[in-house]
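In order, the protein sequences belong to chains A and B. Under this note's numbering, the first sequence has 92 at position 92, and the numbering climbs by one with no breaks. Under this note's numbering, the second sequence has 78 at position 78, and the numbering climbs by one with no breaks.
Treat the hints with care, since some could be wrong.
[To be verified] Label pairs and their computed distance ranges (CB to CB):
1) B/Glu-80 <-> A/Thr-135: 19 to 29 Å
2) A/Leu-363 <-> B/Glu-44: 49 to 59 Å
3) A/Phe-262 <-> B/Ser-93: 21 to 31 Å
4) A/Thr-18 <-> B/Ser-93: 36 to 46 Å
5) A/Arg-422 <-> B/Cys-129: 34 to 44 Å
[Claimed, not checked] Here are the simulated lysine-lysine pairs, DSS-like style, with alpha carbons at most 27 Å apart:
6) A/Lys-116 <-> A/Lys-249
7) A/Lys-322 <-> A/Lys-310
8) A/Lys-83 <-> A/Lys-142
9) B/Lys-135 <-> A/Lys-253
10) A/Lys-116 <-> A/Lys-149
11) A/Lys-188 <-> B/Lys-109
12) A/Lys-417 <-> A/Lys-35
13) A/Lys-124 <-> B/Lys-49
14) A/Lys-156 <-> A/Lys-249
15) A/Lys-124 <-> A/Lys-188
16) A/Lys-431 <-> A/Lys-420
17) A/Lys-116 <-> A/Lys-431
18) B/Lys-109 <-> A/Lys-116
19) B/Lys-109 <-> B/Lys-82
20) A/Lys-417 <-> A/Lys-431
21) A/Lys-188 <-> B/Lys-82
22) A/Lys-188 <-> A/Lys-149
23) A/Lys-140 <-> A/Lys-249
24) B/Lys-135 <-> B/Lys-109
25) B/Lys-82 <-> A/Lys-140
26) A/Lys-417 <-> B/Lys-135
27) A/Lys-188 <-> B/Lys-49
28) A/Lys-156 <-> A/Lys-142
29) A/Lys-444 <-> A/Lys-431
30) B/Lys-135 <-> A/Lys-420
31) A/Lys-249 <-> A/Lys-188
32) A/Lys-420 <-> A/Lys-149
33) A/Lys-253 <-> A/Lys-188
34) A/Lys-249 <-> B/Lys-135
35) A/Lys-249 <-> B/Lys-49
36) A/Lys-322 <-> A/Lys-124
37) A/Lys-444 <-> B/Lys-49
38) A/Lys-334 <-> A/Lys-116
39) A/Lys-124 <-> A/Lys-431
40) A/Lys-83 <-> A/Lys-334
Rather than coming from a laboratory, the hints here were simulated on the basis of the structure. Backbone N, C-alpha and C fix where the C-beta goes; we use that ideal spot for every residue, glycine too.
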Amino acid sequence: MTIKLEQVDDYRWLIPRTGAMRVPGLVFADRDLMKSIQEDQSLTQVANVATLPGIVGHSLAMPDIHWGYGFPIGGVAAFDLHKGIVSPGGVGYDINCGCRLMTTVLRADEIRPLIKEMVLALFKNIPSGVGSTGTVHLSKSKETEVAVKGAAWAVKMGFGTAEDLERTEDRGAMEGADPSVLSERAIKRGQNQLGTLGSGNHFLEIQVVDQIYDREKASHFNLFEGQITILIHSGSRGFGHQICDDFLKMMIKSDANGQKSFILPDRQLACAPLESDLARRYLAGMACAANYAWANRQILMHLTLETLLKTLSIRPEELGSKLLYDVCHNIAKKEQHLVDGEQVMLCVHRKGATRALPPGHPLLPEIYRTVGQPVLIPGDMGTNSYILAGAEGAMEHSFGSCCHGAGRILSRTRAVKNAKGRAIHRELEDKGIFVQSRGKRTLKEEMPEAYKDVSQVVDVVHGAGLALKVARLRPLGVIKG
Amino acid sequence: MDSNSAAFTLLDHTADLGIMVTGSDLRDLFEKAAHSMMQIMIQERSTGKTSSLQLSVSGEDYADLIVRWLGEILYLFQGEDKIVTCAEISSISQSHINATLQTVPFNPKQHEVLTEIKAVTYHRIEVICENGCWKATIIFDL
Chain A
1 MTIKLEQVDD YRWLIPRTGA MRVPGLVFAD RDLMKSIQED QSLTQVANVA
51 TLPGIVGHSL AMPDIHWGYG FPIGGVAAFD LHKGIVSPGG VGYDINCGCR
101 LMTTVLRADE IRPLIKEMVL ALFKNIPSGV GSTGTVHLSK SKETEVAVKG
151 AAWAVKMGFG TAEDLERTED RGAMEGADPS VLSERAIKRG QNQLGTLGSG
201 NHFLEIQVVD QIYDREKASH FNLFEGQITI LIHSGSRGFG HQICDDFLKM
251 MIKSDANGQK SFILPDRQLA CAPLESDLAR RYLAGMACAA NYAWANRQIL
301 MHLTLETLLK TLSIRPEELG SKLLYDVCHN IAKKEQHLVD GEQVMLCVHR
351 KGATRALPPG HPLLPEIYRT VGQPVLIPGD MGTNSYILAG AEGAMEHSFG
401 SCCHGAGRIL SRTRAVKNAK GRAIHRELED KGIFVQSRGK RTLKEEMPEA
451 YKDVSQVVDV VHGAGLALKV ARLRPLGVIK G
Chain B
1 MDSNSAAFTL LDHTADLGIM VTGSDLRDLF EKAAHSMMQI MIQERSTGKT
51 SSLQLSVSGE DYADLIVRWL GEILYLFQGE DKIVTCAEIS SISQSHINAT
101 LQTVPFNPKQ HEVLTEIKAV TYHRIEVICE NGCWKATIIF DL
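Only chain B is shown next, with the shape it has when bound in the complex (with noise of 0.2 Å):
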C-alpha cells in the first residue's frame, strides 16, 4: 500500500458507510483495504515524522481477519494517536497476517478528519475470489 493507490467503491448504507474493494491477490487486497479506510478517514495523511512498527493478526477465515487487520489500523489511531501512511503485507495466509507500518502521528491542525470511522463492522462481511479478482465488502461504523 502506499498513498496514490486507492480503488475502492463506495457503498450505500443507510446509517453507515460500506465500501467494496478489489484486488490482484490477498496481500494486495488486504493493503487497498487499508489504504481505502485511512483515504476515507484522513486528508494529506504524509506530514509528519515516519515511525515503522510490526503488525501480526489472526482470525478465523479471510472475513474475520480483514476486519481484524483493519480494526488494528483503525484502534492506532483511535488509541495511539497513530496515522497509518503505507502498510506493507510480508506474509498472508487464511488466518493470519504479518505487515510493516509506516505511520505518522497525528496532528489535528495538520490532519484534516474527513470521516470518523468509529468500528469495523462483521455486518454483510464478505471476501471472495471471483475470475481470478479478489474482492471484500466491508461497512464501517461511522
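In isolation and in its complexed conformation, chain A is listed as follows (with noise of 0.2 Å):
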C-alpha cells in the first residue's frame, strides 16, 4: 500500500484522508528521516489509526516512528471521551515502559578509570536478561498494594525518598487503579519480577554530559558539562505484558461477536469503546502496570545508588545523586487539551511516544513550572541521548507529545546478520564506552547502526517546536539485559 505524502513545512508531513481514514495521519521528520520511514510498513499503521472511531486531529507520529504491531511505535493518538476507544495495542505490551534519569555531582575525568568496575559491579547487582527475577517477591496482597500505589510503595519500602515521587512523571502512581480486574496469571509474572531490568532494549547507563544547548534550563535541571549521570530504561516487565494480553484477547472476541460497527485493518488494534465496562477494566489494569513499572524503576535507582556508594567508596552527599525526571513512553491517559478552541477530555495513547509539557502547565511538579517538564530521549548503547524541556508546540500540535528515543530501521534478524564476524563490545570500547550484556545476540541486536541517527530526531522536535534542546549525554558505561 503506497502512502500519500503532503508536505507541510520543514519537519511536518500530512497524510491526506482517504477511504475509512476518519483523520488525516500527521508525521514530524525531515525530508532524510522521512525516506527511511517509507522503507517500512509505518506509514500504513499511522493510516490505519485514523480508522478508529473517535479520534481526533490527526493520528500522530513522532519522527522516531518505526513499523510496531497494530499502532506504529512513535505514535500517538487522542480519542473523544464518548466517541472514542481504548486500544491496548495503542499502548503496547509494554505498559509504561519508560526512562528516568538520575545526575550526581561527580565528573567524569575523576571517575574515568572507575568506569570498568562500575559496570561491573552493576551488571552484577542489578537484576537482569530473560527471566531474571528481582530483589523484592511479592506476596499477593503485596503486589496489589504496588499495583496501586508505585512507586510510593518502594519509597515506603526504603527505596528512595518522598522527593523523588516529585519528580516522576504522575507522581509515580496513575489513578484509578484496580487490581480486581488482573487475571492470576499476571498477578503469578508479577510477584518476581520487580527490581528487574529485564532483556532486548532496556537498559542502565553510565553517561557524561558533554554539551549543553541551554543553560538556563541546564541550571534549572541541576546539569553541567562533564558531570556524571545515570539513565535506566526498563518498564512494568511479564506483569504488564500479561495485562495486555489478557484485555487483547476480550477485545478481540468482543470484536469477533460483532459489537462493533466498523471494520479493523488490522486485529491488534482490537478496542474497546471508552464508555464500555471492557475499557474501564483495562485502564484499570493498566494503571496498575504502570504503578508497578514506576515501582521497578525507583528500585532501580535505588539498587544503582547503592551499588555506586559502595564501588566508589563514599559517601551519599559525594555521589549528591538526585532524580531529575521519570518518563513513561508507553500509556493511554485521560488529559485536557484544546480542540478547535475548547478545552476537552481525551484519551491520549502514546505508544513509543513521551509527554512533553510546556512551562506553565498545571500538571508540572512546583519545581519544573517555569522551565518545562524534562523530557528524556535514550540513544542506544553507542550513540547520545538528550534531556529537552517541553515546548509550547507540543500542547498546540501533538497533544503534549514528543519523541521517546532514536527509533530502530534495522530489524533485529538484519542487525544480527550485519554484525556477523564483529566484536561489537570491542568496537564500542574504541570509542569509550564499556558495556555488559546478558542476551548472547542483545549486542548485536542493538548495536548501533540497528537505530536512526538520535540526533536528528531530536533535531526534528527541537525545530517543530514540541520540546527544547537542553544538553547532551554521552555513555561511557552500560548494562543490557
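Hey, can you piece these two chains together into the complex? The hints should help.
What follows is the structure in C-alpha cells.
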C-alpha cells in the first residue's frame, strides 16, 4: 500500500484522508528521516490508526516512528471520551515502559578509571536478562499495594525518598488502578520481577553531560558539562505484558462477536469504546501495570545508588544523586487538550512517545513549572542521549507529546547478520563505552547501526517546537539485559 | 511436533520478528508453528525431566486460534518455567484444539535463551490454505 504524503513544512508531513480514515495523519520528520520511514510499513500503520472511531485531530507520528504491531512505534492518537475507543495495542505490551535520569555531582574526569569497575558491579547487582527475578518477592497482597501505590510503595519500603515522587510523572502512581480486574496469570508473573531491568532494548547507562544547549534550563535541571548521570530504561516486565495480552484477547473476542460497527484494518488494533465496562477495566489494569513500572524503576535507581556508593567507597553527599525526572513512553491517559478552541478531555495514546509539558502547565510539579517538563530521549548504547524541555508546540500540535528515542531502522535479524564476525563490545570499547550484556545476541541486535541517528530525531522535535534541547549525554558504561 | 521438525521462514520486521510456517494440513501447521516458536527461543530444549500435560484452546477462527495456541505455549515458559519439547494435536477444528504437550523444566544453566519472545501478536496474522498447502504468518513481540 502506497501512502500519499504532502510536506507541510520542514518538519511536518500530512497523510491526507483516504478510504476509511476519519482524520488525516501527521508525521514529524525531516526529508532525510522520511526516506527511511517510507521503507517500512509504519506510514500504513499511521493511516490504520486514523480509521479508529472517535479519533481527534490527526493520527500522529513522531520522528522516531518505526513499524510496530498495530499502532506504529512513535505513534500518538487522542480519542473523544464519548465516541472514542481505547486500544491495548495503542499502549503496547510493555505498559509504562519508560526512562528515569539521575544526576550526580561526580565529574567524568575524576572517575573515568573506575567506569569498568562500576559497570561490572552494576551488572552483578542489578538483575537483568530473560526471566530474571528481582530483589523483592511480592505476596499477592503486597503486589496489590504496588499496583495501586506505584513508586510511593517503593519509597515506603526504603527504596528512595519522597522527593523522588515529586520528580516522577504522575508522582509515580496513576489514578484508577484496580487490581481486582487482573488475571491470576498477571499476578503470578508480577510476583518475582520487581526490581529487574529486563532484556531487549532495556538498559542502564552511566553517561557524561558533554554538551549544554540551554544554560538557563540546564542549570534549573541541575546539569553541568562533564557531570556523570545515570539513565535507566525499563518497564512493567511480565506483569504489564500479561495485562495487555489478557485485555487484547477480550477485545478481539468482543470484536469477533460483532459488537463493533467498523472494520479493523489490523486485528492488533482491537479496542473497546471508552464508555464500555471493558474499556474501564482495561484502563484500571493498565494503571496497575503503570504503577508497577514506576515502582520498578524506583527500586532499580535505589539499587544503582547503593552499588555506586559501595564501589566508589564514597558517602551519599559525595555522590550527590538526585532524580531529574521519570517519564513513561507507553501509556493511554485521560488529559485535557484544546480542540477547536475548546478545552476537552481526551484519551491520549502514546506508544513509544514521551509526554512533553510546556512551562506553566498545571500538571507540572512546582520545581519545573517555569522551565517545562524534562523530556528524556535515550539513544542506543553507542550513541548520545538527550535531555529536552517540553515546549508550547507540543500542546499545539501533538497533544503534549514528543519522540521517545532513536527508533529502529534495522530489524533484529538484519542487525545480527550485519554484525556477523564483528565484536560489537570491542567496537564500543574503542569508542570509550564499556558494555556488559546478559543475552548472547543482545549486543548485535541492539548495535548502533540498528537505530536512526538520535541527533537527527531530536533536531526535528526541537525544530518543530515540541520540546527544546537542553543537554546532550554521552555513554561511558552500559548494562544490557 | 518433534524436536527435529523445523519448517519456518523468518520475516523481516523492524521492531519485532515474524515467521511464515507451512504445513501439509492444519494439525501439521499448528504443531510446526509451536515448534518453530520454541526453536527461535531456546537452544537444546530436550534436556531435563519430561512431564506431560493436556492443553485445550478455543478461538474465534483459525487466525485467533493460532495466536491463542502459541500464546498458551509461550505462557508455560513465561509463567510456569516450562519448556515445551513436543506438542501433539489430537483434534483440531476452526475454533478448538486439544493437544498433549511434553515439557521440561526451564533451567538457565542448561537451556540457552536465544531470543526472548514476549508475546504472540495479532498484527498481520494470517492462516490460509493455498493449493492444498496450509500457511501461517505470525509476528512476535520481542
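Hints, one by one, checked against the model:
1. B/Glu-80 <-> A/Thr-135: 19 to 29 Å: With Cβ atoms ~22 Å apart, the hint holds.
2. A/Leu-363 <-> B/Glu-44: 49 to 59 Å: At roughly 51 Å between Cβ atoms, B/Glu-44 and A/Leu-363 fall inside 49 to 59 Å, so the hint holds.
3. A/Phe-262 <-> B/Ser-93: 21 to 31 Å: holds, 29 Å
4. A/Thr-18 <-> B/Ser-93: 36 to 46 Å: Hint holds: Cβ distance 39 Å, inside 36 to 46 Å.
5. A/Arg-422 <-> B/Cys-129: 34 to 44 Å: Given about 43 Å between the Cβ atoms, the range holds.
6. A/Lys-116 <-> A/Lys-249: violated, 45 Å
7. A/Lys-322 <-> A/Lys-310: holds, 17 Å
8. A/Lys-83 <-> A/Lys-142: violated, 37 Å
9. B/Lys-135 <-> A/Lys-253: Roughly 23 Å separates the two Cα atoms, so the pair holds.
10. A/Lys-116 <-> A/Lys-149: violated, 36 Å
11. A/Lys-188 <-> B/Lys-109: holds, 23 Å
12. A/Lys-417 <-> A/Lys-35: Between A/Lys-417 and A/Lys-35 the Cα gap is close to 23 Å, so the pair holds against 27 Å.
13. A/Lys-124 <-> B/Lys-49: violated, 30 Å
14. A/Lys-156 <-> A/Lys-249: violated, 35 Å
15. A/Lys-124 <-> A/Lys-188: holds, 25 Å
16. A/Lys-431 <-> A/Lys-420: Holds, at about 19 Å.
17. A/Lys-116 <-> A/Lys-431: Since the Cα atoms of A/Lys-116 and A/Lys-431 sit roughly 14 Å apart, the hinted pair holds (cutoff 27 Å).
18. B/Lys-109 <-> A/Lys-116: holds, 26 Å
19. B/Lys-109 <-> B/Lys-82: holds, 14 Å
20. A/Lys-417 <-> A/Lys-431: This hinted pair holds, its Cα atoms lying about 22 Å apart.
21. A/Lys-188 <-> B/Lys-82: holds, 15 Å
22. A/Lys-188 <-> A/Lys-149: holds, 19 Å
23. A/Lys-140 <-> A/Lys-249: At roughly 24 Å apart (the allowed maximum being 27 Å), A/Lys-249 and A/Lys-140 satisfy the hint.
24. B/Lys-135 <-> B/Lys-109: violated, 35 Å
25. B/Lys-82 <-> A/Lys-140: Between B/Lys-82 and A/Lys-140 the Cα gap is close to 22 Å, so the pair holds against 27 Å.
26. A/Lys-417 <-> B/Lys-135: holds, 26 Å
27. A/Lys-188 <-> B/Lys-49: holds, 24 Å
28. A/Lys-156 <-> A/Lys-142: holds, 12 Å
29. A/Lys-444 <-> A/Lys-431: Holds, at roughly 16 Å.
30. B/Lys-135 <-> A/Lys-420: violated, 30 Å
31. A/Lys-249 <-> A/Lys-188: This hinted pair holds, its Cα atoms lying about 19 Å apart.
32. A/Lys-420 <-> A/Lys-149: violated, 46 Å
33. A/Lys-253 <-> A/Lys-188: Holds - the C-alpha atoms of A/Lys-188 and A/Lys-253 are around 24 Å apart, at most 27 Å.
34. A/Lys-249 <-> B/Lys-135: holds, 22 Å
35. A/Lys-249 <-> B/Lys-49: violated, 33 Å
36. A/Lys-322 <-> A/Lys-124: Distance ~23 Å between A/Lys-322 and A/Lys-124 Cα, so the pair holds.
37. A/Lys-444 <-> B/Lys-49: Status violated; Cα separation ~33 Å.
38. A/Lys-334 <-> A/Lys-116: violated, 44 Å
39. A/Lys-124 <-> A/Lys-431: Given that 27 Å is the threshold and the Cα spacing comes to 23 Å, the pair holds.
40. A/Lys-83 <-> A/Lys-334: Roughly 14 Å between the alpha carbons, so the hint for A/Lys-83 and A/Lys-334 holds.
In this structure, the earlier hints numbered 6, 8, 10, 13, 14, 24, 30, 32, 35, 37 and 38 are contradicted, and the remaining ones agree with it.
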